[in-house]
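K.L.:
Single-letter residue listing:
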Amino acid sequence: MEVARETLTLNMGPQHPSTHGVLRVILEVAGETVVGCTPVIGYLHTGIEKEMEYRTYHQNINLVDRIEYLAAFHEELAYVLAVEKLLGIEVPKRAQYIRVILCELNRIASHLVWLGTSALELNVSSVYMYCFRDREEILDLFEMVSGQRMMPGYFRIGGLQWDLPDGFVERTRAFLDDFPRRLEEYEALLNDNLIWRQRYEGVAVLPREDALRYGCTGPVLRGSGVPYDVRKAFPYSSYEDFAFDVPVGQNGDAYDRYLVRMAEMKESRRIVLQALDRLPDGPVQTDDRKVALPPRHELVRSMEAVIHHFKLVSEGLHPPEGEVYVAVESPRGEKGYYIVSDGTNRPVRVRVRAPSFYNLQALPRMVMGSLLSDVIVAIASLDIVLGDVDR
Amino acid sequence: MDPSRSLLTRIKERLPGLVVEESSFRGEATVVVRREAILEVLAMAGEPGGSWVLTDLTAVDRFPAEPRFEVVYHLTSLSPPDRLRLKVQVPGSDPTVPSVAAIWPAADWAEREVYDLYGIRFTGHPDLRRILMPDDWEGHPLRKDYPLSDESVEFRGVEPKPPARIVPEGKAGRISANPFGSYDPEREGSR
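Just so you know, the sequences run in chain order A and B. Here the first sequence is numbered in the working numbering, starting from 10 and rising by one per residue. Here the second sequence is numbered in the working numbering, starting from 98 and rising by one per residue.
Derived from the structure by calculation, the hints contain no laboratory data. Don't take every hint at face value.
[To be verified] DSSO-like mimics (lysine-lysine), calculated; alpha carbons at most 27 Å apart, straight line: (1) A:K102 - A:K299; (2) B:K184 - A:K59; (3) A:K59 - B:K109; (4) A:K320 - A:K59; (5) B:K241 - B:K184; (6) A:K275 - A:K59.
[As the list claims (entries may be wrong)] Selected chain B positions facing chain A (in silico; Cβ < 8 Å): (7) F122; (8) W201; (9) L239.
We treat Cβ as the ideally placed atom computed from N, Cα and C, and that holds for glycine.
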């Protein structure tokens, strides 16, 4: 007699606390074993890529913040670097260093959200509280700089909106001085935690070859043992000036991705400290008047400055005809901008290469044949931002 | 040795006549290959022992020019680090491209996204469905003749304009949501 294979189709999401947004996963389970997994995305699709074709290059800076909203500085940096490459301009060293400082602080803040929420999903709620407390301190620093906690809009094509405010350097140093002690606390709470180890070790394994073929990047790829980091491979914004290591895992499981991200936070702290030590003096905007707004004091003396100001504000800038692809290392992986220009003041096409989109694609590969409860750990260890997946 | 050149040289040696055009802008190499060759070229990039991965797959709409679409493949060599952009030109009358999802699983969702937003069909794709837009959506939003339109709302007093009323017949492609318009030096005097 033939035994019928009985499976149950289980719908997880789109409203589910552990999907980190609006992700729906259709699971096929036989008992407690996952035999089928189909992620359904698009619930957060906002058409930002279409919207950007209708706006000037400067207006788009405020749109890109909303894509990978936990790492808005990385998003802005990738976008402005791409436009700067189209224009063929260099930004002053001080602006480059400040960009690095803010991006690395942003990486710590983003990893803290990941750590807190993935701990919360395994019911370690104290770590969640601690992480969000620390993140809030970083967001306060962002507010000091830009006036906004999460959607700064602080980077400009050709530099920065304005220089760092007084007291920023001291406050950042105070936070970073205390940060290793706190990180040690979290590691003590998790590394020796039997439940944490059992739920993370050997779970959601992604072999090296598959990670490459699925286009995974960031901690997901590095957790699988590939030392690819855009900051090292294609240095941008003066990353070649700083000494830092690229942490790499071995087994490609959720625990290795956890270790990689913990180590990355320490490396980010190292980079910020180096950048603060060597922060050069000078302007924070290019003096190319076809790109950056003239300073206020010039406007009252120079007719030319007024013309430039008017042209930039009303029309915006006109990059030459061409196309560029520029990527940065966001907390989730390779965040790339492919911009096509036809010489007018609006882009023909802005493509956002979203790391979460490609990383999430590997989810079925990770969870097939594992237990249902491990799907939660797998999604958490991917650290997706749905705004980034759906754009 | 320049590794992107070497991949490019290998492509040219093995598939002579399939490279249509080569260009470089700001140090980025772009290679246009014939549509029927893309499968072979990407298989070559993914040969075992190679360092190349498919980083991104997307498309550009050049409406009203012909060939209308370009499907763009971004390849990255992890070590030594390098990048190469491959392009395939697709006419608007026959928007089909061979799917590379069998060789590169990364292309699976990316091709679905291009299909969803541009309406380019990938032949041989295992599951070509919409991915970002709702399943019953009509049209392909990233096409240039698909204008930004009002969104329907759940309250009274607002009547959203359909795309046809925003863009009068025959004006598609010259639409401008930017109040200042696009800059055109030749028209400058007549404004």
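K.L.:
Tell me the numbers of any earlier hints that the structure contravenes, in ascending order.
P.N.:
Going through the list in order, the structure violates hints 3 and 6 and respects the others.
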